[in-house]
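Here is what each chain is made of, one letter per residue.
Number of protein chains: 2
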Amino acid sequence: MTNITKQTNSSEQCEGECSTCATTEDCSDQRKREYNEEQKLKLQLSRIKHKIAIISGKGGVGKSTVTANLAMAFAMQGHKNKVGILDADIHGPCIPKMLGLKGKTLVGGPGGLLFPVTANLGIKVVSMDFLLPNDEAPVVWRGPLKMRAIQQFLSDVSWGELDYLFIDLPPGTGDEPLSVAHLIPDLDGVVIVTMPSEVSQAVVKKAISFARQIGVPIIGVVENMSGFVCPDCGAHLDIFKKGGGKKISEDLSVPYLGSIPIDPNICNDSDNGLTFVAGNKNTAANKAFQDIIKKINQFLTSEK
Amino acid sequence: MTNITKQTNSSEQCEGECSTCATTEDCSDQRKREYNEEQKLKLQLSRIKHKIAIISGKGGVGKSTVTANLAMAFAMQGHKNKVGILDADIHGPCIPKMLGLKGKTLVGGPGGLLFPVTANLGIKVVSMDFLLPNDEAPVVWRGPLKMRAIQQFLSDVSWGELDYLFIDLPPGTGDEPLSVAHLIPDLDGVVIVTMPSEVSQAVVKKAISFARQIGVPIIGVVENMSGFVCPDCGAHLDIFKKGGGKKISEDLSVPYLGSIPIDPNICNDSDNGLTFVAGNKNTAANKAFQDIIKKINQFLTSEK
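Chains as they are written, first to last, in numbering that gives the first Met the number 0: chain A, 0 to 303; chain B, 0 to 303.
Hints in this document: simulated from the structure, not taken from any laboratory.
These numbers come from a predicted model, not from an experiment.
Computed far set for chain A versus chain B, every beta-carbon distance over 10 Å: (1) C13; (2) T19; (3) E24; (4) D28; (5) E36; (6) K103; (7) Y255; (8) T282; (9) D290.
In the EDC-like style, the derived pairs of lysine to aspartate or glutamate whose C-alpha atoms are separated by at most 20 Å in a straight line are: (10) A:K41 <-> A:D162; (11) B:K246 <-> A:D134; (12) B:K103 <-> A:E197; (13) B:K240 <-> A:D231.
Cβ coordinates follow ideal geometry from the N, Cα and C atoms, glycine included.
In isolation and in its complexed conformation, chain A is listed as follows (with noise of 0.2 Å):
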């Protein structure tokens, strides 16, 4: 990134620095505007300790559902306030309707900065969803435009000091998570979210790869769908089979986190803008996002 001044010494090799530079007051050039927006996310994300992506190949795993948890429970563990979700799924925002903040809108505040929405335990939040008119409304953008809105996610709005973010891309190996490993240089790592049938075991293992390709480290797989115990009966029915995750997790060599049953409040609590962590728990399910947590913490604490 260069800086070159307007008139004063427009001939003269910009330093690309700005802040440095004698003439800056002056100059008009766009890269001192570039400039200006590096330093402004620069300084968000300097004062969020933990960055952490949420992935998956195949779309509608529970990636969003997962997020969610994951925020909530660390948000319970001792990190009330201190909790960020950036919903970077721009056409199909879900984050909002999950932790009960659908209606809601961003509203603007001091120096220019959006004030994210938010939600119990004073989780902040920003989507997509919060600029829309309405649920029908699509947002028929192609990939520049998407890079550009994430990157004022991040740099526009208000997050103040962050233990953790958690980011929930949308799936698959595009714009939005190229752009997202281009913004944060520091991202800790991403979890990466499949269910156990083979055609999203097939799908996941791109993800793997890709994550390696951009030099993102994996803290590690989630399997989520894991398998069903009619409340019924108590018959054990592995309605998407069991184990994919853990498979994939030892042919590539990642990090596996656990497995995360089907439970029907799940999609009822996620649905009622509830987290399921919240409350459920004496289940199978709640247990299992509980370990997932321990095994998050240890990779962050590793990493020091």
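Fit chain B to the known structure of chain A by using the hints.
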């Protein structure tokens, strides 16, 4: 689209129609290349009677499963060798696995065209998966490259004469569905797949608005994973709730095509490369597929 010629009449106005231009043989204009590509695409599409795209707001609702089963069901009803599937999910192509075509590749034929891979009953399939070295290889592409790939899948493939081409699109309302709508102006319509959960419904509304905004007819809504009957005790369990698809179709005045109940054999068959509708004759899920096909047929017949 216009076309100017190289030297002979570079100052004259290009009339945009290379086929009647006297100097087209000497023309090296970029627009001539575009004209040729457009003609090739038109020719391919003119040989396909019906083009139907399968879309959804959210991922993981079973778009690819529905696509594969619709294609097979149509092939079984007197359209052997006359059905095609374009797997337009560049990042997470699932169709080959579901049709037992893993490991196959596209091979070249005369005139520089590629031959599609052929599944049971002569279903012709083109997918990014056939071009990748292995399951782990991710396609780390932004929008413009994806558009180009989809265009080539349509114009550079020897589809031949088809009665039906089903296009399996990735979730969302971004580059891929926009590209397909742009490349296939005479798309018969879209089938919109959803899950019954409210979170999924919120996103599927966006897909309906999207189709309306870009002027593509809506064939109807399919609710997948709608309720579950415990095979051990017969208890009716609504794992992801039930009835959401019908409610949306009423709320937004679009046709309702039917509900496909959860059946573990659907997942098993997909993983084993078998299409569920080809077996499992006396199941509720198969009956649901047959009803949906009847309604799609009615739509296609009423179009004329």
